[in-house]
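J.: Please put together the full structure from these sequences, using the hints given.
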Amino acid sequence: MLTARYIANDKLMPWLLSLTETRQVLAPVQAGGQTLFAPLDENSRLDLKGLADASAKAALLPRCETLFEFHYSKGEGVPSKTELEVRETLPDQDTFLFGARPCDAKGFTVFDRVYDAGTRRDIYYCTRRDKTLVAALACTEPADTCFCNRVGGGPGDTDGADMLFTPVDGGYVIESVTEKGEAFLAEQPLMEAEERKEEARKVREAVSEAMPGGDPLGGTEGEVLRLFDDKEFWGGVAAKCLSCGACSYLCPTCYCFNMTDEVNGDDGVRVRTWDNCMSFQFTLEGSGHNPRDGKAQRMRNRIGHKFSYYPELHDGNLACVGCGRCIVHCPVSMDVRAIVAQARDRALAKEEHAND
Amino acid sequence: MASSIDDLKSAIKKALPELDMVIAWAAGPDPLSHTPLFITDEADVERIEWDPRCSQNLAGYLPGLRGKKVGIVVKGCDARSLVELLQEKLIDREDVTIFGLHCTGAVDARPVRKALGSTRGLESVAVDGGTARFTVAGEAKTLPLAEALQKKCFTCTGADAEVCDHFIGEHGQPPQVTETPTTTLEELEAMSMEERLHFWEDQMTRCIRCYACRSACPLCVCQDHCAAQSREPHWVDQTDHPREKLMFQAIHALHTAGRCTECGECERACPMGLPIMTLKQALNRSIQDLFDYRAGTDPDQAPPLFEFREEEKNIKEREW
Ligand code: SF4
Ligand code: SF4
Ligand code: SF4
Ligand code: SF4
Ligand code: SF4
Chain A
48 MLTARYIAND
58 KLMPWLLSLT
68 ETRQVLAPVQ
78 AGGQTLFAPL
88 DENSRLDLKG
98 LADASAKAAL
108 LPRCETLFEF
118 HYSKGEGVPS
128 KTELEVRETL
138 PDQDTFLFGA
148 RPCDAKGFTV
158 FDRVYDAGTR
168 RDIYYCTRRD
178 KTLVAALACT
188 EPADTCFCNR
198 VGGGPGDTDG
208 ADMLFTPVDG
218 GYVIESVTEK
228 GEAFLAEQPL
238 MEAEERKEEA
248 RKVREAVSEA
258 MPGGDPLGGT
268 EGEVLRLFDD
278 KEFWGGVAAK
288 CLSCGACSYL
298 CPTCYCFNMT
308 DEVNGDDGVR
318 VRTWDNCMSF
328 QFTLEGSGHN
338 PRDGKAQRMR
348 NRIGHKFSYY
358 PELHDGNLAC
368 VGCGRCIVHC
378 PVSMDVRAIV
388 AQARDRALAK
398 EEHAND
Chain B
12 MASSIDDLKS
22 AIKKALPELD
32 MVIAWAAGPD
42 PLSHTPLFIT
52 DEADVERIEW
62 DPRCSQNLAG
72 YLPGLRGKKV
82 GIVVKGCDAR
92 SLVELLQEKL
102 IDREDVTIFG
112 LHCTGAVDAR
122 PVRKALGSTR
132 GLESVAVDGG
142 TARFTVAGEA
152 KTLPLAEALQ
162 KKCFTCTGAD
172 AEVCDHFIGE
182 HGQPPQVTET
192 PTTTLEELEA
202 MSMEERLHFW
212 EDQMTRCIRC
222 YACRSACPLC
232 VCQDHCAAQS
242 REPHWVDQTD
252 HPREKLMFQA
262 IHALHTAGRC
272 TECGECERAC
282 PMGLPIMTLK
292 QALNRSIQDL
302 FDYRAGTDPD
312 QAPPLFEFRE
322 EEKNIKEREW
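Sequence order for the protein chains is A and B.
Residues in the first sequence are numbered consecutively from 48, following the working numbering.
Residues in the second sequence are numbered consecutively from 12, following the working numbering.
Since the hints were made in silico from the structure, they are not lab data.
Here a beta-carbon is modelled for each residue, glycine too, at the ideal position from N, C-alpha and C.
It cannot be assumed that every hint is accurate.
[Stated by the list, open to error] Only some residues are given here: those of chain A computed to face chain B with a beta carbon under 10 Å:
| id | residue |
| --- | --- |
| 1 | ASP191 |
| 2 | LYS287 |
| 3 | TRP321 |
| 4 | HIS336 |
[Unchecked claim] As a list, the in silico BS3-like pairs of lysine-lysine whose alpha-carbon atoms are at most 27 Å apart:
| id | chain 1 | residue 1 | chain 2 | residue 2 |
| --- | --- | --- | --- | --- |
| 5 | B | LYS152 | A | LYS96 |
| 6 | A | LYS278 | B | LYS80 |
| 7 | B | LYS125 | A | LYS58 |
| 8 | B | LYS125 | B | LYS163 |
| 9 | B | LYS25 | A | LYS287 |
| 10 | B | LYS125 | A | LYS96 |
| 11 | A | LYS128 | A | LYS96 |
| 12 | B | LYS100 | A | LYS287 |
| 13 | A | LYS278 | A | LYS96 |
T.: Here's what the structure looks like:
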């Protein structure tokens, strides 16, 4: 890391508000008993205690994004002819995303590999990514359901972030991670904090050491794939699942989308909205056939994608960052950690059996 | 409750050989949440848990298991869902074995998690004497019920599972609360129509359209063919407008009018904590006024909107 700065607790909110003059600031704020990322203003109640209830993914991948607008009109001179006018709608807002946890920020690297992949660049995503500064906040009190340390991350990691805030006595040490973060910090009227870097490192280390252990959940691509046809396994795992999709919508790494034209009279928009593999409509074909027509197949897809298909394509990187939101908010308390562990055990037991 | 859990386990062990499975609750992935347990094997009976963390209404699984012999464990509110499912002939009485319990109230995990700070090392949860008691890492902590229980528990019409084959433990009353929190319905009633619309628009801004509210509802029978996602007909569009989302809530409320037993699952399942059961409560009041009917009480009755009468007692159509 390059630059280190310090900001005192009581200066944080005024500083964030000063940033809103030139850009949108998204931060975890309290709303109706929940903590969600929302545009900050002077009435916002900032909540930096734990993980926000929903992930920060909407900052880069909005729930509903207009890809373009269109308008039909009667052709000039030839009334029977309809003319179509299309207007581009690229995102243009500069954003400072504050208080994303290391898992949230790492979630963006999962998107980057898909939406910013060489020649296949999604301009909507990439424009947002370019216009957004990600300020991650190191965790000091991981929840029971946090397991970033088992999926290749950690409570003080910087993957996907432009800078990292670490809580220290009296305030935060801010360290830049990327050049973008460095350039931003250099312009800010903040105290130099070279001498407090060590204190921040110790805070991160202590939290990291106190995280509950457990086997890494990576490296199970082959095992999960080997269970592809194991109906009994997926049926058993998915029995209590409601197929609601709350898990996917809260997940910082789920990036599937749907595209629809929503037309009102002569005007319309093409929108891209979140989709999720736990819902029936995902892969529902025009004929009415659905290759994933039961909740067992849908669960297999969700787990398979995160722990097998995605890492196979992307150098072993998982599409799970261990935030545990899918566990906390699942109406029937499904546990993704347990499912992966069960899959591994089952596949290994089968293999042994085959070798006997 | 120690004795009732032992009684429950032995009753289930006894019944299990005649059944394809029994659905109960087991310890969950986080110390504050329990999770549904599908028992096919006697060994799993030992994993059963029963305390105020047993929130999920298991009745919703039954229509999907039709044709199987299923045992199910229910609290008072869950039993009312069962009654409704029986009335609507979505399940067959002879195939279901009901283990009924007396409930002392079900904790609302989200606010409790926040109020307790850390739940690491949480060992037990009990509700008695008007408070919720938690043991966290050997230390006793209490919360007033108004902060700890689900909202449905404050309007509970009976904490005993009325319809059952085996009643386990002692009968009792719904949780005795000295301070009842103001309900969202009461708040809304004090507002003008315009304020109400603003209230809902504000709430719906936070809706992420996951439809967990629908999927968790034991009475949502269309499920995979829901009007919310249908393109043909196109009832709601996919844009993020709060009114589109409110439109779906209106559809859900109307589809459950006269059927909703206020089991609270829609609201409990909502990851955004939106007070959506309120819409159903408002309709239930109208149903009660118009038809003198309360869902989930009598398996032999039919829900009012399932029947056609030329003239309803309380709707004086011809006198208009
Ligand atoms: S949130 Fe839970 S019940 Fe809903 S789809 Fe995900 S795993 Fe299934
Ligand atoms: S799968 Fe669950 S734990 Fe993993 S990133 Fe998604 S929400 Fe978090
Ligand atoms: S509503 Fe009544 S029966 Fe249901 S959980 Fe609450 S107290 Fe128990
Ligand atoms: S609408 Fe809500 S409260 Fe009513 S039955 Fe369905 S889940 Fe229960
Ligand atoms: S569960 Fe909540 S967030 Fe999800 S669709 Fe229903 S109201 Fe919206």
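J.: Going back to the hint list, which numbers does this structure go against?
T.: Violated hints (numbers, rising): 4, 11, 13; every other hint is consistent with the structure.
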